[in-house]
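Undergrad: Take a look at the letters that make up each chain.
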Amino acid sequence: MTPSDTPTDDRRDPAPLLELAGFSKSFAGFKALDGVRLTLRHGEVHALLGENGAGKSTLIKCMTGVVHRDAGTLRLDGALIAPRSAAEATQAGLATVYQEVNLAPNLSVAQNLFLGRQPTRFGLVREGEMRRRAAAVLAGFDLNIDVAAPLESYSVAVQHIVAIARAVDQSARVLILDEPTASLDAHEVEILFAVMRKLKARGIGIVFVTHFLDQVYAICDRITVLRNGRLAGSATTAELPRLDLVKMMLGRELAHATAERALAAASGEAAGGREAAFAAFEGYGKAGYVAPFDLALRPGHVVGLAGLLGSGRTETTRLVFGAATADTGTAIVDGAKVALASPAEALHLGFGYCPEERKTEGIVAELTVRENIVLALQAKRGALKPLSRREQDEIAARFIRLLDIRPPDPERPIGLLSGGNQQKALLARWLATQPRLLILDEPTRGIDVGAHAEIIALIRRLCTEGMALLVVSSELEEIVTYADEVIVLRDRHHVARLTGEAITVPGILAAIAADAPAGEQAA
Amino acid sequence: MSLRLPRIGTSQVVALLVILAINWVVSPQFFDIRLQDGRLFGSLIDVLNRGAPVAILSLGMVLVIAMRGIDLSVGAVMAICGAIAASLADSYPLPVVLAAALGAGLACGLWNGFLVAVLGIQPIVATLILMVAGRGIAQLITEGRIVTFTSPELAFLGGGSVLGLPTPIVITLALLALTLLIVRGTALGLLIEATGGNARAAALAGVGTRLITLAVYAWCGLCAAIAGIVAAADILGADANNAGLWLELDAILAVVIGGTSLFGGRFSLVLAVVGALIIQAMNTGILLSGFPPETNLVVKAVVVLAVLLAQSPRLAGLGSNLFGRRA
Ligand SMILES: Nc1ncnc2c1ncn2[C@@H]1O[C@H](COP(=O)(O)OP(=O)(O)OP(=O)(O)O)[C@@H](O)[C@H]1O
Ligand SMILES: [Mg+2]
Numbered sequence: 001m002t003p004s005d006t007p008t009d010d011r012r013d014p015a016p017l018l019e020l021a022g023f024s025k026s027f028a029g030f031k032a033l034d035g036v037r038l039t040l041r042h043g044e045v046h047a048l049l050g051e052n053g054a055g056k057s058t059l060i061k062c063m064t065g066v067v068h069r070d071a072g073t074l075r076l077d078g079a080l081i082a083p084r085s086a087a088e089a090t091q092a093g094l095a096t097v098y099q100e101v102n103l104a105p106n107l108s109v110a111q112n113l114f115l116g117r118q119p120t121r122f123g124l125v126r127e128g129e130m131r132r133r134a135a136a137v138l139a140g141f142d143l144n145i146d147v148a149a150p151l152e153s154y155s156v157a158v159q160h161i162v163a164i165a166r167a168v169d170q171s172a173r174v175l176i177l178d179e180p181t182a183s184l185d186a187h188e189v190e191i192l193f194a195v196m197r198k199l200k201a202r203g204i205g206i207v208f209v210t211h212f213l214d215q216v217y218a219i220c221d222r223i224t225v226l227r228n229g230r231l232a233g234s235a236t237t238a239e240l241p242r243l244d245l246v247k248m249m250l251g252r253e254l255a256h257a258t259a260e261r262a263l264a265a266a267s268g269e270a271a272g273g274r275e276a277a278f279a280a281f282e283g284y285g286k287a288g289y290v291a292p293f294d295l296a297l298r299p300g301h302v303v304g305l306a307g308l309l310g311s312g313r314t315e316t317t318r319l320v321f322g323a324a325t326a327d328t329g330t331a332i333v334d335g336a337k338v339a340l341a342s343p344a345e346a347l348h349l350g351f352g353y354c355p356e357e358r359k360t361e362g363i364v365a366e367l368t369v370r371e372n373i374v375l376a377l378q379a380k381r382g383a384l385k386p387l388s389r390r391e392q393d394e395i396a397a398r399f400i401r402l403l404d405i406r407p408p409d410p411e412r413p414i415g416l417l418s419g420g421n422q423q424k425a426l427l428a429r430w431l432a433t434q435p436r437l438l439i440l441d442e443p444t445r446g447i448d449v450g451a452h453a454e455i456i457a458l459i460r461r462l463c464t465e466g467m468a469l470l471v472v473s474s475e476l477e478e479i480v481t482y483a484d485e486v487i488v489l490r491d492r493h494h495v496a497r498l499t500g501e502a503i504t505v506p507g508i509l510a511a512i513a514a515d516a517p518a519g520e521q522a523a
Numbered sequence: 001m002s003l004r005l006p007r008i009g010t011s012q013v014v015a016l017l018v019i020l021a022i023n024w025v026v027s028p029q030f031f032d033i034r035l036q037d038g039r040l041f042g043s044l045i046d047v048l049n050r051g052a053p054v055a056i057l058s059l060g061m062v063l064v065i066a067m068r069g070i071d072l073s074v075g076a077v078m079a080i081c082g083a084i085a086a087s088l089a090d091s092y093p094l095p096v097v098l099a100a101a102l103g104a105g106l107a108c109g110l111w112n113g114f115l116v117a118v119l120g121i122q123p124i125v126a127t128l129i130l131m132v133a134g135r136g137i138a139q140l141i142t143e144g145r146i147v148t149f150t151s152p153e154l155a156f157l158g159g160g161s162v163l164g165l166p167t168p169i170v171i172t173l174a175l176l177a178l179t180l181l182i183v184r185g186t187a188l189g190l191l192i193e194a195t196g197g198n199a200r201a202a203a204l205a206g207v208g209t210r211l212i213t214l215a216v217y218a219w220c221g222l223c224a225a226i227a228g229i230v231a232a233a234d235i236l237g238a239d240a241n242n243a244g245l246w247l248e249l250d251a252i253l254a255v256v257i258g259g260t261s262l263f264g265g266r267f268s269l270v271l272a273v274v275g276a277l278i279i280q281a282m283n284t285g286i287l288l289s290g291f292p293p294e295t296n297l298v299v300k301a302v303v304v305l306a307v308l309l310a311q312s313p314r315l316a317g318l319g320s321n322l323f324g325r326r327a
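Here the protein sequences line up with chains A and B, keeping their order. This note's numbering numbers the first residue of the first sequence as 1 and each following residue consecutively. This note's numbering numbers the first residue of the second sequence as 1 and each following residue consecutively.
Excised from the complex, chain A in its bound form:
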């Protein structure tokens, strides 16, 4: 904690900025929120925490009127407000970035920033003026990009920052951020925090949802914890040490067993890695996408990809899975040269791939959890060999249990699950195919502390069972715990390969930051 984070406690602030009381919401008999209250003060960063499915996103949506609450009152500076839509909430002064960013990907960055409030003259949009202002707004976020380019040409992280900039720019009194940092790297998180501190100094109250406890202690003044839709407690950050916080979130101590299991698995596995590669890529690359690289994936071996956003990590995984087609190099699987021209081919070779963008590339929102889980397995078997309903039920039930997907209802449309639980279901989709190589792009994004440890343990266990893994993660501490080899990327080049003792957080950071021209240190 830095001293600058605690001034609100000293500042006398009798009248709260935003006051929620008695918020309740049921979905078809299921109580997602039950009498929740929350008080936000002027210039306060307020962490809203809880396990996956605790009701954080629902609380926010009920606040802004996107979801109609069953009961509850909302006061802004003492006056009752009742926004009925996101637009009304924005007008009332509640700017929100929802968990699933909803911008228009084919419009330009500038258009997205000013959508619905474009500067006009005589009813015509002043395109030049809009771009100028957009560039100025983003400069405040250290983001110097071409604002005329379509939003979809940028990474998820950039899109997220644009969404945040859009919200912040709308002269908000309250800023609500639902897991804004899930897709940001350390540097971008710092930029966001700097912006948050500026807003805080202007007296704006910020509600901040995250699963990163470090961030909670770095920037938040106060914490409110939800558990199963109820208020589990609220306290200042200073009053609530980490362990107590975790206990408040989970309703129990974080099982040490999980961590120990992970360690045991780690040591028992050291023998792996000398085996012949299951899949090897030589001089594999695509012009303008990722520079040619060598990569060997062995059974029981985890290769981590580290680097800043936009450094080519996701692009590497997509080439490996055939979602993008290489124009140079060869791919060898089980000793035979293969053409990886589509995900379908990769699937049949025993590859699996959890993409980074859950909503647009992962889930089929309308289909049930069961259907989403069996999808890849069914695609692998082909349309003519349908899984019987009994087999589907059995697979869904098994993975819902294994990964603790909540609520444990296989027949619920997956779009109604909380973000973290959707992520678990996607992992289940690939585990169900019993892949020999599993490619995970940010597998723990949006996953709560409890499940986080479990997923890491699962990754280790899959390894001991002989699966090869290729994992992208922005969380270096996480990579360090399970990777046998870390490849560092910069500017779409594989610039360094670390193995064994060399895999440390400082080591990776040094490789990422090294000034050498891209490609020079490549192994």
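It is worth saying that the hints were derived from the structure and are not from the lab. Any given hint could be a false lead.
What the hints assert, rightly or not - Now the in silico label distances, taken between C-beta atoms and shown as ranges: (1) B/LEU17 x A/ALA82: 37 to 43 angstroms; (2) B/THR295 x A/LEU384: 46 to 52 angstroms; (3) B/TYR92 x A/ASP334: 52 to 58 angstroms; (4) B/GLY185 x A/ARG252: 42 to 48 angstroms.
These figures come from a predicted structure and were not determined experimentally. Cβ atoms here follow ideal geometry from the backbone N, Cα and C, with glycine treated the same way.
Here the structure of chain A is known, so what remains is to put chain B with the ligands in place on it, guided by the hints.
TA: Frame of chain A, contents of chain B with the ligands only:
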């Protein structure tokens, strides 16, 4: 969020029953059914019989729409295939006639599928091409005339009966059963719904989305060919200008009334057929009531609106807010 729990199609079935009841009020003999010369007659049978072409079209259309596509060319394809069948009927044996007409429909469907799946053209534009060109092709086949035929075998497909049921009804039921078998008996239905619901996610899950797209448009062309053959067989001839005219719109309407969203995803074959029957029941009802046929279009619009409103999740939310809160 526009998600809801699976629906069971009550609103469509209720709508159909209401319309049938209204028909019964305006024409008390509506439900009378007679057996004459081994074939059933009556207004209800008429509804089923007349509704057959649109019902058959909707069996193809529903899959295309579930894939988030659309096929505007089915009316024109009907005209092409009807023209081929009518022109060949008197000079070739029935199997050859059918093979030629069905083959043409399949080719049309594959063409649409090629444009959409391989070239990546937007479905509405891709199928517009054949919608416009198709009628021209049909006219070239009939050389601008109305082609008539006398072949009793082909005529049987339109005017005959099997166990008392008019052949078009039997063909529709058989095709419904076949489609159900192909789509729900295999995993194709799931893969279609996944692709329509989120094409990128489905492709990354290893679903062969291109092949499925191609197959679905091909199936839609085949269904249009069957509808075209039935329609030609019914009037013992082919009129390239009017055969299947605007029926693509009825088929789309039937699918939408049947609860399949134009945004793709979940679909129901049976409810699409129910949708086709709703449309036909209205047409017949207005004829029976003695209203000028022009009112048909207005009434149709109103009924469609009513069914769509009944399905609207937002309205349902409003309803439950107004009428007491249920947990
Ligand atoms: N529209 C809906 N219909 C039915 N259930 C819903 C709906 N929206 C949310 N839920 C349920 O309400 C619960 C709370 O979900 P919510 O998205 O608020 O969780 P969360 O705390 O944001 O979790 P995460 O950290 O995973 O994002 C979940 O069990 C979810 O399945
Ligand atoms: Mg959430």
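Undergrad: Could you say whether the range 46 to 52 angstroms given as a hint is met by the Cβ separation of B/THR295 and A/LEU384?
TA: 49 angstroms, holds
Undergrad: Verify the CB-CB distance for B/LEU17 and A/ALA82 against the hinted window 37 to 43 angstroms.
TA: 41 angstroms, holds
Undergrad: Does the Cβ distance between B/TYR92 and A/ASP334 fall inside 52 to 58 angstroms?
TA: This hint holds: roughly 54 angstroms between Cβ atoms.
Undergrad: With 42 to 48 angstroms as the target window, see if B/GLY185 and A/ARG252 comply at their CB atoms.
TA: 47 angstroms, holds
The earlier numbered hints are all upheld by this structure, with none contradicted.
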